[in-house]
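Below, each chain spelled out in residue letters.
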Amino acid sequence: MSAPWARAAMADRDPAPDTAKAWARVRHAFRARPSRGQWVVAALFLLLGFAAVTQVRSANDDQYTGMRRDELVTLLQTLDGADDRLTQQRSELAATQRSLQQDSERNQAAVEETRRAADALAILAGTVPVVGPGVVITVEDPDETVGASTLLNAIEELRDAGAESIQVNGVVRVVAQSYVTDSSNGVVRIDGREVKRPFVIEAIGDSHTLDQAVVFRGGLADQVEALGGEVNVEQTDALEVTALAEEREAEYARPAR
Amino acid sequence: MIAVLGLVIGVALGLLFEPTVPAGLQPYLPIAVVAALDAVFGAIRAYLDGRFDDKVFVVSFISNVLIAALIVFVGDQLGVGSQLSTGVIVVLGIRIFSNAAAIRRHLFHA
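Chains B and Z, in that order, give the protein sequences.
Its first residue numbered 1221, the first sequence is counted upward by one per residue in our numbering.
Its first residue numbered 742, the second sequence is counted upward by one per residue in our numbering.
For the record, the hints were derived by calculation from the structure and aren't laboratory data.
These numbers come from a predicted model, not from an experiment.
Some hints here could point you the wrong way.
Claimed, not checked - Listed below are the simulated SDA-like cross-link pairs for lysine to any residue, each with C-alpha atoms no more than 25 Å apart in a straight line:
id	chain 1	residue 1	chain 2	residue 2
1	Z	K796	B	V1260
2	Z	K796	B	S1255
3	B	K1416	B	D1363
4	Z	K796	B	R1256
All chains, full assembly: derive it from the sequences and hints.
Right under this line is the structure:
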């Protein structure tokens, strides 16, 4: 190892630095009185620190200030692309919103339509109380001569005159399936339910027309008077029909398609 | 010792005055800072080698900064400013690493 040629080979390579000497130099640098050269170095270091801090601050302040023109152009193009994409997305979403709104409006219209139909059907079926203008017809027959056929005629005349809702004595709602029967001892039943005299027929519709339907020559009034009774018709603007018919599901009939 | 003090004072001044970089200097300052760092590491290595010369350091510091700025300037004029500044940063980074390695060998023998 200590042969001269070996030492020469070592010297050819990067000589291993002397660590102790290096540390001594470091200590010297921190202890020795500053020479002129150190002052110059210090000045340059001051400049470096100042510049570095300035640069760091400005880089943090605004990420765009230090950028070159082509970088800014690229950034701008990226932003333009994003903007285009977002604009397109926005219009798509607006279209979706419009179509949803239309759907919702259509649904609302359908609901409204259905409700109207349900109301009309409920009035027809007599399952809801109704109010409106109409007539109150009181039939008095002390001799109990007015029977089912006269009453049925009266109801038919009222329907002919456009009565939309009819009840008798405030207890029986007259609907499409209603039937009027004579029972024993002159008792009249509607839908199997006894109606007591005097009969009070309340009908909602155009009150004048309904009135005419009762009092025309040969009409209900004449018929009842011929039987020895008396008919009294009273027109009113606010009639309440509160009797309800039973709700019935069709057991046999099905809509034919 | 006094060099470290100078660095600290510079940082303090920068924090204190919060200077804004002039628009004309904006592309050059970061490169200049890195170039100066290269000069500083070179100086530390030379000092540990025992062949530090303050004149050489001053000249290398200033010329490093100026040449780096010049390269960026030329690159901007040629339209390849960002590529050239990347190249300068890479070269200076390699030099800083090799200098740092030399300093490490000096101080820690590793």
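Here is how each hint holds up against the structure:
no.	hint	in the structure
1	K796(Z) with V1260(B)	9 Å, holds
2	K796(Z) with S1255(B)	13 Å, holds
3	K1416(B) with D1363(B)	13 Å, holds
4	K796(Z) with R1256(B)	10 Å, holds
Of the hints listed earlier, there is not a single one the structure fails to meet.
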